[in-house]
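Based on the sequences and whatever the hints tell you, model everything.
Protein chains: 2
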Amino acid sequence: MARWLVILAGGRGERFWPLSRMMHPKQFLTLMGEHSMIRSTRDRVRPLIDPDHTFVVTGFDYVSKVKANLPDVPASHILGEPVGRNTAPSIAWAAAQIQQLDPSGTMLVLPSDHMIQQEKTFRRLASRAMEMCEEQGGFYTFGIVPTHAETGYGYIEPDGPTSVDGILTVRRFIEKPPLEVAEAMMQTGQHLWNSGMFVFGVNELMDSVARYLPELFRGLVALVAEPDQLEVIFPELPQVSIDHGIMEHAEEVFVLPADIGWDDVGTFAALARHLPRNDEQNAAKGHAIFVESQNVTAISEGPVVSFIGVQNLLVVATRDAVLILSPERSQDVRKVVQALKEAQHDHLL
Amino acid sequence: MARWLVILAGGRGERFWPLSRMMHPKQFLTLMGEHSMIRSTRDRVRPLIDPDHTFVVTGFDYVSKVKANLPDVPASHILGEPVGRNTAPSIAWAAAQIQQLDPSGTMLVLPSDHMIQQEKTFRRLASRAMEMCEEQGGFYTFGIVPTHAETGYGYIEPDGPTSVDGILTVRRFIEKPPLEVAEAMMQTGQHLWNSGMFVFGVNELMDSVARYLPELFRGLVALVAEPDQLEVIFPELPQVSIDHGIMEHAEEVFVLPADIGWDDVGTFAALARHLPRNDEQNAAKGHAIFVESQNVTAISEGPVVSFIGVQNLLVVATRDAVLILSPERSQDVRKVVQALKEAQHDHLL
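In order, the protein sequence lines correspond to chains A and B. When we follow the working numbering, the leftmost residue of the first sequence carries the number 1, and every step to the right adds one. When we follow the working numbering, the leftmost residue of the second sequence carries the number 1001, and every step to the right adds one.
Derived by calculation from the structure, the hints in this document are not laboratory data. Careful: at least some of the hints might be erroneous.
In silico DSBU-like pairs for lysine-lysine, Cα to Cα no more than 30 Å straight-line [as the list claims (entries may be wrong)]: (1) A:LYS120 x A:LYS285; (2) A:LYS120 x A:LYS176; (3) B:LYS1341 x B:LYS1285; (4) B:LYS1065 x B:LYS1120; (5) B:LYS1285 x B:LYS1065; (6) B:LYS1176 x B:LYS1067; (7) B:LYS1285 x A:LYS335; (8) A:LYS120 x A:LYS65; (9) B:LYS1285 x A:LYS341; (10) B:LYS1285 x B:LYS1120; (11) A:LYS285 x B:LYS1285; (12) A:LYS285 x B:LYS1335; (13) A:LYS67 x A:LYS176; (14) B:LYS1335 x B:LYS1285; (15) B:LYS1341 x A:LYS285.
Structure below.
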């Protein structure tokens, strides 16, 4: 009856091109601080869970990168998916592995590429959720107090304002909403952002998979019996998120409102918000020179980036690719990636 | 009594940073067409003057680059200055060398980094000037018909509208003027831009140097007598332009109005004007991707440069430096070079 960490590291990170590449997605970038996002994710909960109680689910191509980033995680705990099938298969695969070692264990599931500024507060909440889970079972989520009507996140609607020690029952999950709906939810002051972080018991999760996603369950049983059939079995698993496939159906679902300085850093604009700015509102990660320019963000992996007489730009520079965009257009980086794919410039992807 | 070409290739080209570097200034860049500026300069007059009748005056550090760019120019004709002392010492040094081979020769002097679109017209004018010079002596300049009130060039004021076969007598040279003066000259319709291209007889030039710049003359006599004292003698030569030191004083000075598609391509904005544009007024030299952007110019030596939702930018990208500027600020590139010097980032200069 131990505690286990499951890190989800399957992301392709196209929104961070050209920093991220097909073979070097966002979770391996050092966007903040000194370490890669995945390493920071693992280090953040070191006081709660030992490295050898960690599983990582990632793309098959990224297994060696995960090993290099997390050298104290056992190699057998790094699960490489031949294809991405969304979060339910990833989490359930890790759960099926842990179930063989520790069926009554408790899992903390974390995406590998989020920022959390208040780490102590987060650890306190994660501890609380794991304790509750161990005491009474159930599914636990962490709900971020929204700061704006974001349309890029899912939302959680708690079942009224009553809470036990700050833990609320979840009434429903709401998928990424249109702007009007997001604004209405902001008005209520009740809704929380779904951070994609979870706690549940291993056995209870597998029981729910068997009940709500029987096809996935059968696939995992087959995979545990014949691990060498991974490349045949995994691509046949149903493609479904843990939210949609399990959490929306499960009966005992709770949310811990979490004011932890969370950001999924989903775009360059999000990253830019966390950089310190000078008097002219310019910010640089890497070497930059600003001449009579304002509200400019430079993110460089090497080249010196110089500006003369420009405003309101976000620039990302690597040795073989430079991206220059209006800050409010950082959701559209994929359009460039798409153009490069269509032009078959695979060496730049 | 032959014809000689003298190419002035001493420029440091800071206004083209980061394309140009201290060891790779503008005259060695391929800004237009397929060849370097200096190679295009030499090729442009090939029908008029043989390569082995060519002298090049350049910085000492650039001698090997000149050789690589102009392999059919005799190595002994490539003169490397230990320091730059402006155009009068450069031209007079070449003239002193030619005088030893062919004292009654005629020199065509060309900067190494200008663009001329109407090459046949230019060759016809250059031939005409050399013929006139051979017949009756005198100093000849090529005056560009101005297209706008440019403050970055010197001007030539002809002596009235009368001309012999399109050749006018020069009344005076005017240094780079303030904007009001430039606008007033545009109004007259008489003034011409001083292109920095000249024709004169070798002996006549050296006589004028002796008369108007005696200190320079004595230095050159010493240099011819003791070529191995170059590094001692050359830095002591007076720093003066051929316009100011000779042309303004000489008695028989003529100008050939030249409508030859000339541009000194002195800035990135000037270069941008010569690139073809798409429907959204975007232009690229090198690999660029434009997404919902307008009036953007990308000049890349390698990196792919991508734009999303931006307007009115000029971007220059190399593997180790990226420059992003407002097009009307391309005169200010030196500010970035200066900042790099002050920060001692010499590897980027």
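For each hint, the structure was consulted:
no., hint, verdict
1, A:LYS120 x A:LYS285, "holds (26 Å)"
2, A:LYS120 x A:LYS176, "holds (29 Å)"
3, B:LYS1341 x B:LYS1285, "holds (28 Å)"
4, B:LYS1065 x B:LYS1120, "holds (28 Å)"
5, B:LYS1285 x B:LYS1065, "holds (23 Å)"
6, B:LYS1176 x B:LYS1067, "violated (33 Å)"
7, B:LYS1285 x A:LYS335, "holds (21 Å)"
8, A:LYS120 x A:LYS65, "holds (28 Å)"
9, B:LYS1285 x A:LYS341, "holds (21 Å)"
10, B:LYS1285 x B:LYS1120, "holds (26 Å)"
11, A:LYS285 x B:LYS1285, "holds (27 Å)"
12, A:LYS285 x B:LYS1335, "holds (21 Å)"
13, A:LYS67 x A:LYS176, "violated (33 Å)"
14, B:LYS1335 x B:LYS1285, "holds (24 Å)"
15, B:LYS1341 x A:LYS285, "holds (21 Å)"
Of the numbered hints listed earlier, those contradicted by the structure are 6 and 13.
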